[in-house]
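Those sequence lines, one after another, are chains A and B.
Counting from 1, one number per residue, gives the positions in the first sequence under the working numbering.
Counting from 1, one number per residue, gives the positions in the second sequence under the working numbering.
Everything labelled a hint here was simulated from the structure, so no lab data went into it.
Since the model is a prediction, treat every value here as computed from it, not as a measurement.
Be aware that a few hints might be false.
[To be verified] Reference listing, derived: stretches of chain B covered by chain A, where coverage requires no fewer than 3 residues with Cβ under 8 Å from a Cβ of chain A: (1) 19–25; (2) 37–43; (3) 169–182.
For each residue, glycine too, the CB sits at the ideal point set by N, CA and C.
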Amino acid sequence: MTSVACHECDLLQVLPDLPVAGKATCCRCGCTLATRPADPIERPLALGLAALLVLVVANTTPLMGLSAVGRHASTTIIGGAYQMWHEGQEVTAVIVAFCAVIAPAGYLLFLLIVLFAVRRPPAPGWVGGMLRWAERTRPWAMTEVMMLGIMVALIKIADLAKVEAGIGMLAIGVLMLLFPAILSSVDTEELWARVAWHEPDPASDPVAERVFASNPMPDLEPDLQKADLDGRPESANSETPSGRSSS
Amino acid sequence: MTAAPLTAIKAGLLSCETCGLLSQPASAAEPGYCPRCGSELESRRHRSIERTWALVIAAAICYIPANILPVLGTTTLGSTEYDTIMGGVVFLFTSGSWPLALIVLIASVMVPLGKLVALSYLLITVQRGSIQGSRERTRLYRMVEFIGRWSMLDVFVDTFTVALVQLDPLMSVRPGAGVLFFAAVVVLTMIAASTFDPRLIWDAISDAGSEPAPLEENSPQQESNLG
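Here chain A stands alone, though its shape is the one from the complex (with noise of 0.2 Å):
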């Protein structure tokens, strides 16, 4: 049993024990608390190393093609962002090419470095720094909205000329499947708990002056709701409380 404050309304909650694959939600503003994924760590691994693989792909290989009297011209995701740059739109460049490529590609990373390493927990501070990042960069990448917009594109353009969807096209409609597999297998409470605590040490502190808040706190668990508990067992017999299994 833990306790926790809902990030959106602030109302201190216990949180009930989740069997594989429940949800807890806020008992107040319904918004979820935590969740249980089956494998927590092997399974989004595994996703991500895919994803990793197909982003290679998806990013090398042309995207479309496009021939019209004898001439042939195709391009590739920064091919596109390029030709923006080209053409004076710098800033618009920039953004897509973020949208595009390097936030997808940095949260891949991100999540890869912190999966890899929270393997064998507890893993080292600087992996909650990756984590951090890896949930910063996490908003702006937009492979689905890229997808719809190529798919508009490629139908806007196929009444001017003959055009062809490449295999970049392809391996974009993978990644538009894999990333929300990968986001509904993580767990980042489970990941944040494998992680070893921010050790206030003055001696190595760069910056020495640091507070820190303190825990444990006063113990307010009786006083507290109980979230809710959006369970759906896979089986009959995991809705029995199990409590989860970490640290």
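With chain A's structure known, arrange chain B on it following the hints.
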């Protein structure tokens, strides 16, 4: 539903924005750093309302040139034709793919506008200390956060159209100034959604005291069915 709901801030606790750990701050004025992940702690996002207003206003200003200025210029055998975002929607509609026209219309015109209206509404109700419909307003915020990225659709469409249609001198497509403003609207509203602190929606209830409010009778004039 009897006593005032106990929030972390009322109990003198803070939850870390980065790792979610609940801890007791070093002092109310200077909460210090999270003992687990070392991030700086703050009870509410720093100057949330001012920052979000600034970003929403900036995005609203960019929204006008984003819709007036052309996003694409198509040159066919010497003559150039300019297209705005609405022009692109009309083109898709008349060329027979109305489902795509609808998707682009929703993602590029309605979603950015809806986000600006929704964020302004959330900011105004928080500033007025409204205690009505907090759950619905939190849901609205969640929707704004989730849907924001989809407005980037048109930027990707324009980028890949420009990148592919380069068949000089037969036909070529160049980006217009509208793309930059449109991308700015999307980026600014995404940042605005992340600077807004949804916990402010609920703070009014804790401040109002004991009743958790849906049936509060002191403020009948705030009934939301006026529109």
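Hint check against the structure, violated hint numbers in rising order: none
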